[in-house]
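Here is what each chain is made of, one letter per residue.
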Amino acid sequence: MMLGAVDANASTGAARATDEPLLAARGLTKRFGGVAALDDLNLDVRNGEILGLIGPNGSGKTTFFNVVTAIYSADAGTIAFDGTDITRAASPAVYHAGISRTFQRSRLSLPLSIFDNVMIGNHKRLNQGLWFNLVRRRAFTAEFKANFAEAQALVASFDPPLATRMFEPIAGLPMIDRRRIEICRALISRPKLLLLDEPSAGMTHDETQQLMENILGVRDRMAGLTIVIVEHEMAVIERITDRCVVLNFGRKIAEGAFASVAANRQVQEAYLGLQ
Amino acid sequence: MGFGLLAQYAMNGLMLGMMYALVAVGFTLFFGVLDVIKFSHGDVLTVGAFAALAAFVGLRSVGVDSSAVQLLAMLIAAIGAMAILGALIARAFVMPLRSAPPLNTLLITLMLGTALREMIRLFYPDGANPKPFPRLLPNGFVRIGEFNLRLDNVIMLTAGALVIIGLELLLRRTKLGLAIRAVAQDEETAKTMGVNFTLIVLVTFALGSGLAAFAGVMNGLYYNEINFGMGLYLGVVGFSAAIIGGLGNIYGAILGGFLFAALQTIGAIMLPFASAYKDVFAFGVVIAIMAWRPTGLIPEKQSERV
Amino acid sequence: MPSQLNKAAVSIIPGAGALALATLYLIAMLRVESQTTILVLLGIGAAVVVVAHWLGWLAPVALSFQERDDALARLAVVAVVAIAGYFREDHFVLLLLCTVLLYTVATLGLTIQFGYAGVLNFAGASFFGIGAYTSALFTQHTTVPHLVVLLVGGIMAALVGCLLLLPVLRTRGHYAAVVTIAFALLLKTFLEVNDVLGGPQGLKVKGLSMLGWSFNDNIEIGHLEMSFYVSYLAASLLMLIGAFVIVRRLERSWVGLNLDALRLDETAARCFGLNIVRWKVTAFLLGNFLIGAAGALYGMLVGFVQPNSYTFADSLIFVSILLLGGIGNPWGVVVATVIVVILPEKLQAIQEYRFLLYAALVMMVLLFRPEGLLPRPVRSYLPGWRP
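For the protein sequence lines, the chains are Z, C and D, in the order given.
Here the first sequence is numbered in our numbering, starting from 1 and rising by one per residue.
Here the second sequence is numbered in our numbering, starting from 1 and rising by one per residue.
Here the third sequence is numbered in our numbering, starting from 1 and rising by one per residue.
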C-alpha cells in the first residue's frame, strides 16, 4: 500500500524525458454516499506548466486534490505521477514522491512559529533520527542553521519584512501572510508538483495580485516546478495559467487556454446554470 | 451449573445492566446535545444517592415512618436536587468552555467529578466510610424452581424500564424532546428555528442528572449501601457503555450498558474462584473493543471539511 | 517581546535573581513549622508575584528562562544541592524533596505524551506504580544491580504501555480518555486481587544499594552527619537532570516539531510526510519509560508498594500538575510539582482537603488561564541564538 520513499531530487525521469504528463488521472471516481464528487475523471498535468483548475462550487476541484494527496482514497480509476502509480499510496508517500499542497481552509499550526510551520513542510529533507536529534547536537545545530537560512530566504522572496519575524507565532498574522507561509511550507521541500487550493480566498484584490506575483516569481526561480491552481477569481486564472481544465459534477467539460475555455458555451452554462 | 445459580447470575446481570444503562443514557444525552463528555456524571450519581440518604435521615427524624412516603420523598429530593446541580454545572463550567478545545471540557468535568467526590467524603457526616442505605422496597419473593425471584428487584427493573421508556417518549413525542433532538442534530439550524439554545442545554443537563440521581437511589436500594467512590466506577462503566453503543445514540447506550453487565457476569461465571477478576476482564474487553472500533460499536459519522 | 530577539544576548540576571529568591523562599517555607507563619509566608509570596507582575518584572524573568535556559538549569541544580545541604539532617524535608523530584520526572514523561504528542494518558500513576512494583520484585527476588533495576522499571512501564498501543493509536479525544481510565481501574483491581503481587497489602522494596553501599544507612563523612535520604536525593536529582535534558532536547529538535505537528493537525502533518504511528508510539513509550524509571526509584525510596497509592485519582494528580504548570513547559512542571507536593504537607489545615483543592484549582485554571502558570513559549531550537 505504501509507496517506498522516493527522493524528489533524483527524478525517475520517466515523465521528463518524454512528453508524458507529470500527473495523469484516468477514470478517477470518488463517491460520498450517493453523490459522485469525481466521476470518471481524466486529467493530465503537463510538466512545467501552470494549470488552472476551475468550475462551479462542488464540481470536485478540492476533492481531486484530496484524492491525489490520499486524504480520500479513490473508489475507481488510477493516478500516475512521474511514471509511478500512486493510486493506493498513503499521504506521506505522495509527499515523498514530490507532491506538495496548500489547503482551502488554511491549515497552519497557529501556536507554532513561522519557521516551525515552514519546517513542517521540509520533513523529508531533515534528519529525523532520535539519536541525531537528542545526542548529536553539534550536527543538529549545523543542520538547523542551514535550513533556517534556506527557510528565511524563501519567506523573504515572498515578503522581506516577514522574514525578520521567523520566530513569531502564526496566530497574530493577517490572512495574506498566512497564505504566503502556507505556500512556503509547500515549497521548502522542492516538490515537483505544487497544488494550490484557492490561495486567494479571504484576500483583497490587491493582496491577490501580490500573491500571484510571488507565485510567478517562484516558478521562475524554481526550474521545473509544475503548479495546479484552483481558483474562483478568473482574473488570476487568466493572468498566470498556461492552460485550464474546467470541471463540472466531477467531470472534465472543457480544456485549453483560458480564452477558449471562457468562450465555451458548456462552461458558461455550468457557471450560470443556463439550460 | 444449576438453574438456581444461573438465574441468580442472570438477575444480577440484568440489575447491573439497568443501572449502567441509566448512566450511559445520561452520557449519551450530554454528548448528543453539546458534543461534550461530562466526566462528572458518575459523581453526580453519588451526590444524588447521598442526597436521598440525607432526605431519608431528615424524614425519619421528623417522624415519617411510611416506606412508600420515604421512598417517594427521597426520589423527589434526589432527582430535583441533581437536576438543579446538573443545570448549574452546565451553566458554570461547560458552556463557558464551548469555544475552547473539547479537551478542556473533558478535563474540567473530570476535575469537577473529583471535587464532588471529595466534598462528599469530607463534608457529609462520616462520609469517608460506606453508609447503609435503607431497605424501602417490599421484601417478598416468588419461588421459581431453585431460584428466588425477589420482588424488589422486579420493581426496580420495571421502574428502570419505565424511566427509559418515559425518556424515549419525551424525546420522540413531546415538543421539548423535539427541541432537544433538533439541538443535538444541528445547533445553528435549531437556533434559527427559534429554539432557545441555552434553555434546552440546561434542561438536557438537568434531565441527564435527574436520571443519574434515579440510578443512584436504585444503586443504594440494590446494595443497601452507598459510598463516596461509587460514582467513579459507575461513571467509567457508564461512559464505556455509552461509547460501545455509539455516543449520541440512546439505544446504543442501553445496549452498551447491558453488554457491559453481560461481560461482567460472564467473567464472574468463568472465574468462579476469582470473581474479583471480572472487572479486569470487563475493562480489558472494553479496551480491546476500542482498539477494534475506535468510535464504538455503532460508529460515529465523521465529517470534517478538508 | 519578539523584537528583543534581534537585540543583544538576553541577560541571565533576571532569571538567576528569580531563582535565588525562589530558593530562599522555599528554604524558609520548608524550615518554618508554625501554621500562622506559613500562611504569612504564602501571603507574602503571592503578593510579591502580583506586584512583580504589575511592575512588569515578570516578563524579563520569563525571557531569561526562555533564552538562557541551559545556564539557569545548571544554577537550579546548584540551588537544589544548596537546599539539600541546608536540610541535610532533616529526614522529612529530604523525603519531601525526593518526592518532588521524582514526581517531576514522571510528569515530564507525561509532558512528552500529552504536552507534545497530544496522547491522553490518565493512567500515569499506574505506570509509576508498575515501575515501583518492578523495583519490589527485582530487589526482593533477584540480584540485578539496583541501578539496572531502575532501567528495568522504565522498560516494564514501556512494555505494559505496548499493550495499549493499538487502542491509543486508533482513538481520539474522549474515546482515547476512556482507554487509559479503564486501564487505570483495571490495573488497580488486578493488583488488589493478585496474591502473587502482594494483594492490597502490597510488597516491600529493598532500599537502593550500589557497589556495596546501602542508601538506607545514614551518611557520616568526618564530622558531618547526614540523613540517608541525601543519597536518594542525589539519585533523584541525577534522574531529573537526565529527564530534563531529554525533554528539553526533544522539544528543541525536529522530533519535537513532529510531535507538535501531529498534535495540532494530523491530516496536514500526514500530507507533509509525517509517519503518525511512529511518532505517537515513540512519544508514548519514551514517556512511559521516564514514568516507570521514576516509579522504580520511588519504590526504593519509600520502601514499599501497594495498589492504593497508584490509583486513577493519583493519575489525576499528575494531570493536575501538568495543567497547572502549563502544558508543554518543563519549568512549569517543576513549579507546579513543588506547589502540589509541598503545600499540603506544610499547611496541615489543607492536608485533608488537598484533592479537593487541586481539583478546584485546576478548574479555575481551565476557566481563566488555560495555558497554565508558565505558558509554553514558542520553540527556540538554539536558546540564545540570533540569526
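Quick caveat, the hints were computed from the structure, so don't treat them as lab data.
Ideal Cβ placement from N, Cα and C applies to all residues, glycine included.
Where hints are given, some of them may not hold.
[Unchecked claim] Ranges of calculated distance between the beta carbons of each label pair, as one might list FRET restraints:
#, chain 1, residue 1, chain 2, residue 2, range
1, C, Gln185, Z, Asp75, 26 to 36 Å
2, D, Gly56, C, Ala100, 23 to 33 Å
3, D, Glu352, Z, Ala171, 22 to 32 Å
4, Z, Asp19, D, Pro375, 36 to 46 Å
5, D, Glu352, C, Tyr223, 48 to 58 Å
6, C, Lys175, D, Ala59, 22 to 32 Å
7, D, Glu352, C, Arg135, 31 to 41 Å
[Stated by the list, open to error] If you want a taste of the chain Z side facing chain D, the calculated C-beta under 10 Å gives, among others:
#, residue
8, Ala70
9, Ala74
10, Ser91
11, Ile99
12, Leu108
13, Asn117
14, Gly129
15, Pro169
16, Ser189
17, Val218
18, Phe249
19, Tyr271
20, Leu272
[Said to hold, decoys possible] Over 10 Å on every C-beta distance to chain C, these chain D residues come out as not near it, computed from the model:
#, residue
21, Gly17
22, Leu21
23, Gly45
24, Val51
25, Cys162
26, Leu166
27, His174
28, Ala177
29, Ala359
Broken hints, by number: 3, 4, 5, 6, 9, 17, 18, 19, 20, 26, 27, 28 and 29
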